[in-house]
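**Student:** Each chain, letter by letter, is given below.
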Amino acid sequence: MASPATTVSATSDPGAATPGGGPHPPIIEIRGLTKRYKDFIAVDGIDLEVRAGEIFGILGPNGAGKTTTLEMIEGLRTPDAGSITVAGLDAIARSEQVRKVIGVQLQSTSLFPYLSAAELVELFGHMYGTPNPKARVPDLLGLVGLEGKANARVEEMSGGQQQRLSIALALVNQPKVTFLDEPTTGLDPHARRSLWETILGVRDAGTTVVLTTHYMEEAEVLCDRIAIMDGGHVIACDTPAGLIRALGQEAAVSAFIEDREVRTENRDVAPPEEFAALAGVRAATLSGEHGGMRVRLQTADTQATLIGLLELARDRGLTLGDLSSTRATLEDVFIQRTGRTYVSEERSEDRGVRTEKRGRRRRRRT
Amino acid sequence: MQSFWAMLVANLKMSARNRAAFFWNIVFPAVFILIFPALFGSGIGGQPSVGITGADTPLRQQVVSALKDTGSFEIHEGSRDEELTALEKSDRSLVIVFPEGTLSDASPIQLLTGQSDSPSSKIAVASVRSALLDILGQPQGIAVTQQQVADLDTSFIDFFTPGVLAMSIMNAGMIGLATSFVAFRERGILRRIKVTPLPLWEFVLTRILAALVIVMLSCFALIVMARLVWGLNVRGNWLLITGVLALGGLSFLGIGYAIAAVSRNVETAAVFGNALSFPMLFLSGVFIPVSSMPDWLQPVAYVLPLRYLVDALRGPMMYGDGIGAVWVPLLVLVAIFLVGFGVAIRFFRWDAAAR
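Protein chains in written order, with my numbering: chain A, 542 to 907; chain B, 6 to 360.
For the record, the hints were derived by calculation from the structure and aren't laboratory data. Mixed in with the good hints there might be a few duds.
Residues on chain A that point at chain B, a partial pick, calculated with CB under 8 Å [unchecked claim]:
| hint | residue |
| --- | --- |
| 1 | 619 |
| 2 | 631 |
| 3 | 633 |
| 4 | 651 |
| 5 | 656 |
| 6 | 664 |
| 7 | 780 |
Glycine included, each C-beta is placed from N, C-alpha and C at the ideal position.
The task is simple: from the sequences and hints, build the whole structure.
**Tutor:** Following this line, the structure appears as structure tokens:
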């Protein structure tokens, strides 16, 4: 690989590099990164660049390779091929050095039991050799909104509070980059939103953040740039706005057709091709949903598509329920790139998360 | 050094705050110490044990049958050597030695007791003496002699306490440490450590030291309790006893780490730990001496690690043995320690999932 000295500048003054303006030096560079397991390829030769000072999101369904990618950067897994540079250091050959300049929050909560929040922050400070770690406890707990919980033991904290504490621990050594693996998974919507504020605060305090998520909305709201992963590949990488703009579509039209109508005389009267042929439609997907079928049309001309859809429904005698037109989202990006609707692990609270029977074998780890 | 001390303090806090460990290390053995001597303590309750030896005269037969008729004594007849050894080990409250020929002040019936003046031996002497007076009708020809051979006045608690300490150490290592270390792995704490600059050995070493401190404190607390409640008598060198406790702690922590390394999850570790420790509890001489077990069962005790810890503790604590008398069990404990940690290192995993 090229001389690491050329990338050292990425480590300087991350606080000055605010996202959204001007070119940013890459703090992480990944080339051809590959991880194989016995029965499948978890990560298949991906390239990524993370810029200093940004929140970089890795978005994808379960089994896409997000966590494997993260754990290879962190030094928890050894890649089968490819190179990783973190803050100018070869993260594969010199992972001991890299550990000192990164902070890590793992998918499992991973907190020592029976210790209080303040004791844990202090302990981790000592583990990194930080001078006088006790002095930093109030600041760090304040940053993650746990100032009132300094003396609470881990067992007494809620899941959200434990996640916040994990994030505080991932910042103890004032890292150049901090890695958060699905930080909001399992949290209720309120706790999730409040954790977003915390993560934005971490970035604003000058730390580059790399996080994984399977929540489309989270990636769209929180991340400065997003890499969408699927099946071990990066299928798109840009700012959320850039990804949606590149779709060239105006909106997504969605409607629900009840099972009764699909199943009886109109069963084969509504093939996807018929929907795809409607005016303005760029892509059409049909997916089974409880009690019927969901039609989702990506359109460059909302009005023409809506008229076409309504006429089709009238001609076929279909009743369209839950008809809506929304502006395009990252989900439409995923649909366009993969031809599948996006299936997330939890389907309840997220807008646009679908249920669809998938033939694909579920993978052991993400 | 900074991280070492911080980790040691953190591990001490974690161990001290773990209620389950507190139960297994202190409460459970404390209940044994409180209850078992009351149930089985020969030196505390029960009948005085009287040894009969000497010439087999008609007088002796008369006395033995009279003593048996009272139903107040446990009678053992044996050779002079056998009975004196039993007296030394406090298996007899007193030994009656019958003279050859006729009874006189020159050749009296001797009542031998140990050097000590324990209440139980005084009661035994007094009651045997009054029984003899009833039979003979005269005080002449009965001499009470204190046996000059070292009598240890060992009681059940002296025998039992080393066994309970060994049990506490075993539980701390094979169940407490094994399950908590597997829980650390399951929760991803080991991987969390791996992504910090802290070397794993520093974590493991501080954890061992913290566990040792807790084990030793538990043992000393149990010793104090046995002394206050039952008058435990510790005869050996405290330095040696402390050393044996520490070595025993290391050996069983080694077994605990080995169990943790080969266990897939906390449940498996608990099953392994219990399955291995439960039989040991009954077959290693904690409750009854291995020599009192059926002959066919005795060889089993030789392959049980707990037996060696019990032996290494009981020698110095109960009989005041020096290191020379217990070097064999000590060497076995060292070997167990090495094998345990060898297995632990060989099968160590960072991760709950197979890789």
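**Student:** Indicate, hint by hint, whether the structure satisfies it.
**Tutor:** A quick look at each hint next to the structure:
1. 619: Check failed: Cβ of residue 619 (chain A) comes no nearer than 10 Å to chain B, outside 8 Å.
2. 631: violated, 17 Å
3. 633: violated, 14 Å
4. 651: Status holds, d = 4 Å.
5. 656: Cβ of residue 656 (chain A) sits 6 Å from chain B, so the hint holds.
6. 664: Check passed: Cβ of residue 664 (chain A) comes within 5 Å of chain B, closer than 8 Å.
7. 780: violated, 29 Å
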